[in-house]
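Sequence lines, in order, name chains V and L. The opening position of the first sequence corresponds to residue 217 in this note's numbering, with each subsequent residue numbered one higher. The opening position of the second sequence corresponds to residue 217 in this note's numbering, with each subsequent residue numbered one higher.
Keep in mind the hints are simulated off the structure, nothing from the lab. Some clues are possibly wrong.
Where chains are identical, the list cannot tell them apart; a pair therefore holds if satisfied intra-copy or between any two copies.
Okay, derived cross-link-like pairs now, DMTMM-like style, lysine to aspartate or glutamate, Cα gap no bigger than 20 Å in a straight line [unchecked claim]:
1) K251 with D321
2) K300 with E245
3) K300 with E276
4) K274 with E299
5) K273 with D313
6) K300 with D321
7) K251 with E294
8) K274 with E245
9) K273 with E294
10) K274 with D321
11) K274 with D236
12) K251 with D313
13) K274 with E317
14) K300 with D256
15) K273 with D236
16) K300 with E317
17) K300 with E260
The model shown is predicted, which means the values in this text are computed figures rather than measured ones.
Protein chains: 2
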Amino acid sequence: MKRATRQNCPILRATNIVGDQWSLLILREFFLEGKRRFADLQAELGLSPNTLSARLKKLEDAGLLSRHVYTQHPPRAEYALTEKGRAFGPVMNALYDWGVEHTPDLSGD
Amino acid sequence: MKRATRQNCPILRATNIVGDQWSLLILREFFLEGKRRFADLQAELGLSPNTLSARLKKLEDAGLLSRHVYTQHPPRAEYALTEKGRAFGPVMNALYDWGVEHTPDLSGD
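Extracted from the complex, chain V is given alone in its bound form (with noise of 0.2 Å):
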């Protein structure tokens, strides 16, 4: 990791997109599952259907997911990684590597 400029931080502008516990859940589940509905995530993760919506949005705006709607009825909305958001890969694993060795096992078995 380089020193740069605060203002103009590589770490500071990937959290300004990322930077959120709710994103991140996000996105691993595209790394486990590929693509993903709404109601998919929103059963998985458990989280509200306007927190889901705004967290969507911000990663579809932000180039990391793209968002096909079938044009069926009722329609159907799918979202992926787009290449920009499959790039974000090292930085999942990194944080899996570091939670596997790091954090206290939460199984209780």
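Given the coordinates of chain V, work out where chain L should sit on it, guided by the hints.
Positioned in the frame of chain V, the structure of chain L alone reads:
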């Protein structure tokens, strides 16, 4: 990244500790600068003392930062990365690399 029970996923466990922008930006300061005092961090990041204090306590409780109090007048507390905190380096580097490649330069130059 492997599939894991979502309630015990290492990414969930990691983001329970560092899944917010301030925690990531605070950790960034330690990777850039080494040991840091409260006043240094506040000046660099421009966040409120209450927020900074809460984030530092959380990172200290989670074992990423250690706090050393020098018994001088006035007393001075200095924070540093622990081994567990230093182990977070690969995440910071991956975030930095992604930010360089995939987020717009904000410098306006």
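Now the hints, each set against the structure:
no.: 1; hint: K251 with D321; result: neither (28 Å within a copy, 30 Å between copies)
no.: 2; hint: K300 with E245; result: within (16 Å within a copy, 26 Å between copies)
no.: 3; hint: K300 with E276; result: within (11 Å within a copy, 33 Å between copies)
no.: 4; hint: K274 with E299; result: within (16 Å within a copy, 34 Å between copies)
no.: 5; hint: K273 with D313; result: neither (28 Å within a copy, 23 Å between copies)
no.: 6; hint: K300 with D321; result: between (31 Å within a copy, 16 Å between copies)
no.: 7; hint: K251 with E294; result: within (7 Å within a copy, 46 Å between copies)
no.: 8; hint: K274 with E245; result: within (16 Å within a copy, 26 Å between copies)
no.: 9; hint: K273 with E294; result: within (13 Å within a copy, 40 Å between copies)
no.: 10; hint: K274 with D321; result: between (31 Å within a copy, 18 Å between copies)
no.: 11; hint: K274 with D236; result: both (12 Å within a copy, 16 Å between copies)
no.: 12; hint: K251 with D313; result: neither (24 Å within a copy, 25 Å between copies)
no.: 13; hint: K274 with E317; result: between (31 Å within a copy, 18 Å between copies)
no.: 14; hint: K300 with D256; result: neither (22 Å within a copy, 34 Å between copies)
no.: 15; hint: K273 with D236; result: both (14 Å within a copy, 19 Å between copies)
no.: 16; hint: K300 with E317; result: between (27 Å within a copy, 9 Å between copies)
no.: 17; hint: K300 with E260; result: neither (23 Å within a copy, 30 Å between copies)
Hint check: violations occur at hints 1, 5, 12, 14, 17; the rest are consistent with the structure.
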